[in-house]
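Student: One letter stands for each residue in the lines below.
There are 2 protein chains.
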Amino acid sequence: MNFRQTVYEAQEQEILIYNHLLFKLASGQVFGPDQPIALKLLGSERSFEALEGVAMELEDSLFPLLREVSMSINPYEVFQDVEWALLIGAKPRGPGMERADLLDINGQIFAEQGSALNVVASRNVKVIVVGNPCNTNALICLKNAPNIPAKNFHALTRLDENRAKCQLALKAGVFYDQVSNATIWGNHSTTQVPDFLNARINGLPVKEVIKDQKWLEEEFTEKVRKRGGVLNKKWGRSSAASTAVSIADAIRSLITPTPEGDWFSSGVYTTRNPYGVAEDIVFNMPCRSKVNGDYELVKDVTFDDYLLKRITKTEAELLAEKRCVAHLIGEGVAFCDLPEDTMHPEEM
Amino acid sequence: MNFRQTVYEAQEQEILIYNHLLFKLASGQVFGPDQPIALKLLGSERSFEALEGVAMELEDSLFPLLREVSMSINPYEVFQDVEWALLIGAKPRGPGMERADLLDINGQIFAEQGSALNVVASRNVKVIVVGNPCNTNALICLKNAPNIPAKNFHALTRLDENRAKCQLALKAGVFYDQVSNATIWGNHSTTQVPDFLNARINGLPVKEVIKDQKWLEEEFTEKVRKRGGVLNKKWGRSSAASTAVSIADAIRSLITPTPEGDWFSSGVYTTRNPYGVAEDIVFNMPCRSKVNGDYELVKDVTFDDYLLKRITKTEAELLAEKRCVAHLIGEGVAFCDLPEDTMHPEEM
Chain A
117 MNFRQTVYEA QEQEILIYNH LLFKLASGQV FGPDQPIALK LLGSERSFEA LEGVAMELED
177 SLFPLLREVS MSINPYEVFQ DVEWALLIGA KPRGPGMERA DLLDINGQIF AEQGSALNVV
237 ASRNVKVIVV GNPCNTNALI CLKNAPNIPA KNFHALTRLD ENRAKCQLAL KAGVFYDQVS
297 NATIWGNHST TQVPDFLNAR INGLPVKEVI KDQKWLEEEF TEKVRKRGGV LNKKWGRSSA
357 ASTAVSIADA IRSLITPTPE GDWFSSGVYT TRNPYGVAED IVFNMPCRSK VNGDYELVKD
417 VTFDDYLLKR ITKTEAELLA EKRCVAHLIG EGVAFCDLPE DTMHPEEM
Chain B
117 MNFRQTVYEA QEQEILIYNH LLFKLASGQV FGPDQPIALK LLGSERSFEA LEGVAMELED
177 SLFPLLREVS MSINPYEVFQ DVEWALLIGA KPRGPGMERA DLLDINGQIF AEQGSALNVV
237 ASRNVKVIVV GNPCNTNALI CLKNAPNIPA KNFHALTRLD ENRAKCQLAL KAGVFYDQVS
297 NATIWGNHST TQVPDFLNAR INGLPVKEVI KDQKWLEEEF TEKVRKRGGV LNKKWGRSSA
357 ASTAVSIADA IRSLITPTPE GDWFSSGVYT TRNPYGVAED IVFNMPCRSK VNGDYELVKD
417 VTFDDYLLKR ITKTEAELLA EKRCVAHLIG EGVAFCDLPE DTMHPEEM
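Protein chains in written order, with our numbering: chain A, 117 to 464; chain B, 117 to 464.
Note that these hints are calculated values from the structure, not bench results.
Zero decoy hints are in this set.
Note that the list lumps identical chains together, so a pair holds whenever it fits in one copy or between two copies.
In silico lysine-lysine, DSBU-like type, Cα no more than 35 Å apart, as pairs:
1) Lys349 to Lys140
2) Lys350 to Lys425
3) Lys156 to Lys327
4) Lys140 to Lys339
5) Lys156 to Lys349
6) Lys287 to Lys425
7) Lys287 to Lys156
8) Lys406 to Lys156
Model the full assembly from the supplied sequences, consistent with the hints where possible.
Tutor: Dropping the structure here:
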């Protein structure tokens, strides 16, 4: 497979995510049955015809809430007045490509999109970055949009959280909705930390329900981290449908009340976080909704040595990623000393 | 492109439809928020791994109503006690393949599935045939399932109906939901007849709102018939997402009350129809829901020469298709004299 094919396939995958997500948005599943929807699609020259096809399929679906579908390859046009920006497109790593190269190539995309949002988007816009490496891309994006509050930017970790809840439910033999308080800490990469210390099953600490510590520490964590890769092999492409479901979940979590005592995970800006995580990065942490699209970080979580050690490792990775993209966030010359060549869950 | 590739791509397309439809079913969008769902997937040896991938993505989506996902390549296992059978898989026409060959190859699949439904499905099962040529496949299926009422079998024409409503709404400059009483008569092929004589816009006959008779007779009809083909070219694959939306619409129309004075189109068994259409075929006609999954044919429709002439043509095509598959419906030796080589909407 040559690089051109890889890029083409990536664009195909983006469009597969669009193709699920846009139908959810247009049908009222995400913003509710009373909220009219205008979809503004940012395409590339290459993906434009396919996007037009998606738009035609949206028309043929007769969604009564869908008032407008427009598309352009110019982010300054597409982002005009947007209230929600869902940034999905990114290039995947080509063969022989270092993570540093990937950070640079994709970082440039998100620097450009951040600059455009900064000028033309609603001052209240909420931004969810899905394209990988999503945490560092979200950091680049927010740094290039200084006129928009940094707290408005999210990196998507909800699919990891959903996968963690699924594995805990299957292991405990309970329905999915009996698992709560699941946090994914850190980076959306294989250093991510699915937190089984604070998670609950039927309101009880996971460890009181699943007494197999070895399974929790080894199998569970590995399974969540590598789920995307296993799926990729079976299905031959990345998990577009469940990614779209998790984006819808992430939006709904921000605009509806979080159930009493529960929380959800999102990759958010760390400055003034209560956990001692390094400031000025985008780190997956537990949040509660303020219903209007804003959130607050959860205070009552506990840590043990196992959890802290792993959080430190994923934090170190994000700090190293940040040094790699210094040139894209106005911090001088990039210096890339990534501790090891970790990957995104879909790449495993 | 050789035949093997064509077959492989078809299976991919099936899975793309599954991949949209199963998420709709599991999320409660189709059968409502109080109806638990068990999904039983019929795979082929070739598609099995991909189906397992879809099942994993369903797990990762944490749908609270989803109680079971099972899969098998044996229809006698998969169809056990099913209440709804959505038959999507069919082979597409390969290069140089005659329509007669296609009817035979796919007919065998639907004869086998009908036989299996006849033995193991719920006596109340509703069957929606999506795989093309869907009207004749539905006829074959019901003929091989004599212990299930023929009225329980449908061929999907809802995507054609949705496309017709979309074009009428766009032309009239109204919202989609202001178009009603749209019928697609006949075969799900390029002989299909989108009925603008009985359709209404804001309660008025279409002809009183859109006074451009030439547009209605030529552009509108052609656009609906060829929409799938145009989309196929843009998007590079068939319209899986809007097909899935239309399957969901078709099911919902059968289990919810039809709005006063309105109707929907479905390909149903013609015996004792009030329109004078030939008996003992599966023909797209206007229906009203009896809410429990059953329907009744609408009586108050009008015909003019234009409409009758076209209905006669699509009827002739279905009668010819029936003669081609005589060996699959217990009517002796097939004799294939198809009037011309028409195509399905996606093939144009």
